Each structure stands twice: as C-alpha cells, then as structure tokens.
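Peer 1: Here's the letter readout for the chains.
2 protein chains.
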Amino acid sequence: MRIAVIGVGLIGGSVGLAARERLGAVVCGYDRSPEALDAALARGALDRACPTTAQAVAAAEAVFVAAPVGELPGLVGEVLAAAPADCVVTDVGSTKRVMRAAHDDPRFVGGHPLAGTETAGVQHARADLFEHATWYLTPSAATSGVLYERLHRLLTGLGAQPTAIDADTHDRVLAAVSHLPHVLANVLVSQAAGTLAAGGERLPATGPSFRDATRVAGAPSAIWTDIYLSNRDALIAEVDGTVARLRSIRDALAAGDAGAIADWNDAAAADRRRLLESQLAGGELFELRASVPNRPGVIAQLALELGRAGVNITDMALYPASDMSDGVVALWIAGERASQRAEELVCGLGFPVARP
Amino acid sequence: MRIAVIGVGLIGGSVGLAARERLGAVVCGYDRSPEALDAALARGALDRACPTTAQAVAAAEAVFVAAPVGELPGLVGEVLAAAPADCVVTDVGSTKRVMRAAHDDPRFVGGHPLAGTETAGVQHARADLFEHATWYLTPSAATSGVLYERLHRLLTGLGAQPTAIDADTHDRVLAAVSHLPHVLANVLVSQAAGTLAAGGERLPATGPSFRDATRVAGAPSAIWTDIYLSNRDALIAEVDGTVARLRSIRDALAAGDAGAIADWNDAAAADRRRLLESQLAGGELFELRASVPNRPGVIAQLALELGRAGVNITDMALYPASDMSDGVVALWIAGERASQRAEELVCGLGFPVARP
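Protein sequence lines, in the order shown, are assigned to chains B and Z.
Residue numbering for the first sequence follows the working numbering, beginning at 1 and increasing consecutively.
Residue numbering for the second sequence follows the working numbering, beginning at 357 and increasing consecutively.
The following block holds chain B by itself, in its conformation from the complex (with noise of 0.2 Å):
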C-alpha cells in the first residue's frame, strides 16, 4: 500500500511509522519544514521526503493530512487537486465542520485520532500511538463507500477503532468532552495562580486533585487557538452551560443548602459511572452481511447510522458485484447485544441483512 503523510509532526510522524511497521507500507512525505522531513526520515516514519505537496501524493492510496486546524482546509484542498482519482484523503484535524463546508469531494473522508496531542513532534511519534484509540470519521453524503472502506481498514491496521459521527455532532460532543476541558484547565490554574499571588503565598504543595484538573492547562497556543477559534460556537455554547451550573451550585453554597450540594454532587458520581460503564462496550466479534445498492453515501450513511448509535465496528470489507450495480458490505461487530442492534439498524435503513 502506498501511503502520503503531509505533515511530519506527532501524529503524521505515528501514522507514517504505524503503516510502515505494521502495514508494510511504503510512505512518501512532505513538511513545509525541511528539519522536520529530515527528522522524520531519520526516525523511520518515511520511506521518501518528497519536496512538494504534489509529489508526495502522486502515486497515493491514501493520503492523511496532519497540520495545524486552520491550515488544514488549504492544504486539504492542495491535496485533492494533486492527488490520483482512486484515492482517499483525509485530514486529522479536531474540529470537523469547517472541514466539511470546504470540501465536498468523493474522495474526501474527514477524521480525528483521539490521541496524543500534549506533546508535539515528529521525535515523539510512535508505531503504537493509536492502538485502542477512538478514530472519529466523519463521511457525507458524497463520500465513495469503496475508499471510505479502505480508509476504515487502514485505520483499523493501525491499531485504531474507526467510529463514523457526522461533523456537526463530532463538534458538539468534542466541545464537551476535549476543548471545554482545555478551558476549564486554563481557568483552573489561573485562577488558583491568581488566588495564591493576590496573598502574596507561594504556589503550595498540590493534591492529585488539582495535578489531574490542569494536565492539560497551557496546550500549545499554535495547535489550541486554531482549535478553540474553529468550533467556538459549540465550546461558547458549552461555556455558557458550565457558567449556568457554578451559579447553581453558588447559590446552594450561599444557601448553606446542604441537600441541593449532595443532591448535585451524587448527580455528577452517576454521570461519571455512566460514563466509564459506556467505555467498557466489547467481546466477541460477529459479522453481519448487508446487501447495499452500488450509490454514493450508502457506506457513510450506514456507518453513520451505527456510529450513532453507540455501535463500533471493528472491522469492514465491501464486495462489489461485478456489474456494479450493487455489493455487500461486511460489518464485524463486538458483542452479540451490538451484533444484534446493528441487524436491527442497517434492516432498518432497507438493507437486507445476513449471519454467515
């Protein structure tokens, strides 16, 4: 398989040495930095620097794009202009609207690795850094189901597990569970940096509370601000929530409502068991066998309606008949509870399904 990494930092640094190491892949490279292709190459993650954008894609199968948010539309747009007609792109960025609203091309598949984003550069690249992490993907309407498949199992060689979410949920929840808690980090040791320099103390010794709460306070401004800027209507909206709830429990505070503060307090201990009990999904492995009409979206639409659903797939394969006209999509599910909801899912959409 051939391979195109456009962006040799952590994480296309990760993919270029995963598809090498764990695919066999040959991957050709390109970096705006000079430093960072040279680096790159010498840590194993390139077969080839190339010196343009164009070159290294030439040949591609596959082509990730990994650069800051808000050069990615650009540089996604570059790639497809250069890229061979029977090739996927994708992109690796943390917000995926923007990504959509610029790019409505068949071959294109927006996608996030939720993985290593404290630590940057290509000298921290890893051939594991995706193994067991969640690889959003967000297709359309117009994606190609036959690259949207290569992509999910070339995602899954990685040692990824692709999940199908469309952009506009992918960044709602994202808000909410990695860009608000940059905020609330920020916030945090600020304003305990504040508490501390107004009477004069010294920054005490710290409990794990406030160790764990700012892990990820001060992330790097070039990568954040891009990141922050592209989805700022969701984190304002997630912002306005988080202000919402302190006021609430300021009040119980000021109250000395003894009961609203354990009743809220036992809230979010259930949230947070829901939560971890919604991570712990898997087992056995089922395949299903769907008969899908040869049109585009039908793959996104079935991945999205599974994704949805809280139902992983953990690996695909589809199956064109040999006119074309229609084909089979393998879906192999964890678990006999999710085999079995899937069944009922893609039935559901009009597929016939099978057990083989």
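FYI, nobody ran anything at the bench for these hints, they're computed from the structure.
Computed from a prediction, not measured in an experiment: that's the story for all the values here.
Where is the CB? At the ideal position from N, CA and C, for every residue including glycine.
The reader is advised that the hints may include incorrect statements.
Covered, in the sense of this in silico footprint (three residues per stretch, anywhere, with C-beta under 8 Å from a C-beta of chain B), are these stretches of chain Z [stated by the list, open to error]:
hint	segment
1	545–554
2	566–580
3	601–611
4	614–626
5	643–654
Position chain Z relative to chain B; hints supplied.
Peer 2: For chain Z alone, coordinates are given in the frame of chain B:
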C-alpha cells in the same frame, strides 16, 4: 509513644498503621462504628480498641481526630476534655478556620494531610499513605511550642512533610487548589452528560483530557458536602473568579480574537510552569539553631513565618533551657538557598540564629 486515633477510616487507620510500623507506637482507637473498630484492629492499625473516646485518649501523648469535617468541632472538644495536660491533639479536616474558631486550647493544633480522600474506609489504609505528603498544620498564638514540636516530629516520622500555615490562608488556598477542582470536575462531567443527552448521543469514547479533568467528580457526598459548606465563603470567591474568567474567554471566542486567546493560553502555560517548579524544591539538609524565648506562640510564629515564605521545615527539635526561661529550636531545611532565606526570616523575628 502512646497515640490515640479517634475515627478509624482511611486516614485514621493509616495513621495507626504508620505509627505502629514506623515508630513502634502503641495505638489506641475509638470509632462510633463497632464494625470499623473491629476492622481496624484486624487490619493491624490499632493495638487496642476502646469503647469510649475518653478511654482511648486517657494515656495518650498525641491524639488524631479523623472524622468528617462537620463532626470535628464536637469531637475535638470531647477529646480535649478527656486528654492529659501534656497531650497534643490534632484533627485531619480539610478546612481549618472552623476548628480555630471552636478551640483555643494550647494542646490543640489543627492539621490537614494532603493524602487519599478518594477511597474511604480502613480497608484502604496503608502505612505509607503519608510518604512525602504535605501535612498542613495550623498552630495558633495559643499553641504550646513543646507540643507543636512533638507533633511535627511525629508527622515526619509518619513520612509526611509538615508545613505550618495560618488557618485563613489554608482555607483560601485549599478552596483554589482542592475544593474548586472538585466543583469543576462535577460541573464538567454533568455538563458533558447533559450535552450528549440533549443530542440523543451516547457518551462517546473520551480522550485523556476529559478523564484527567473528571477523575475526582462525584467524590463521596458524605464527606464533601461538609467540606464545601465549611469553606463556603472562600469557595464562593473562587467560583466567582472562575465565572469571570470564563466570561472573558467567552468574549474572546465570540469576537474571534486569536491574539487574546493565544495570550490567555500562554498565561495558563506560564502559571502551570511556575506551579510545577515550586513543587521541585529540595536538596541538601542544612541545620539552623535559633534561640527563642520560652513563651506561648513562639514556635507557631516561627513555623508560620517559614511556611508563608514557602520554606519547608524538614525536621525540628526543641531544646528548653533547664530553667525553662528560654531555649533553642533546631531547624533542618532542605536546600542552601531555602536555609539562607530561613535564617533571614528567623533573624527578622528577633531570634539569633547559629549554624552548628
């Protein structure tokens, strides 16, 4: 050494285990739950289980009162009424002003170890729970120097790092570095759950930032409701500061002001860096010997002065003159710079300092 532990949960049980294993102390215990008392005895945290507080403390040289914050003022009063005249009494509550307001006995020193509040119960007790943990002490002007020194040495023997701090500062600092992080963890986990539920989404696979930021969410209400309420004015000030900071970053997001967002993020990074640096103090031990008059409050004054400047007293010893008119206190300070600072501070209080 004879020690009494009133309340044998995680903290009380760990004090008992550490005092017996590390110091060869004889430990008597009382708990209003007979089951907890039996469990502590079986666990090896106690030499003897006593049927009343008075019996447990009757022959003690030091008493640790380890109960939920709301019960502490009453329990400490009971202990002071029953304890010998030369016995030091301390508590382990997470807020300290309420204790200072309740008790002004020369035998009482408020305390607060920064260790293990996430899991409760003597079954989680460990002899090494306090190893390298900051253990705040809040002596008052009334505190006996001899008894303060005894407690300081005892805590050092348990593996902890006793640090003197006045009760107001303690509560303000803890509001910022412990109580506020707990509030924000609760708010974040419920905010995310609310956002996902509103969109009919399952809770998704989350990245490390969310897990880190919500690790302490929903801590036991039986403990934390009291903590929040006993420190509510300081906590309300922190919540108000947090809301103001969230408003300010919300405005920058709404205005699309990349410069302001980057500045805010860089400031958080700088605050975090300062915080981490301040945790890394240490080095070679230097001994200082200060001549001090034998009057109440001198040791507390000295310990608080050094605590305020961030100078950690690794160990201390008090040598009274035979006529008790004055004495020498030996202080061991880690790091040459810190020891020089300590010397200046102690001299500044009017006490001559020698280096042996």
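Peer 1: All hints are to be evaluated individually against the structure, with a verdict given for each.
Peer 2: Verification of the supplied hints:
no.	hint	verdict
1	545–554	holds (count 8)
2	566–580	holds (count 11)
3	601–611	holds (count 7)
4	614–626	holds (count 10)
5	643–654	violated (count 0)
In terms of the numbered hints stated before, the structure departs from hint 5 and from no other.
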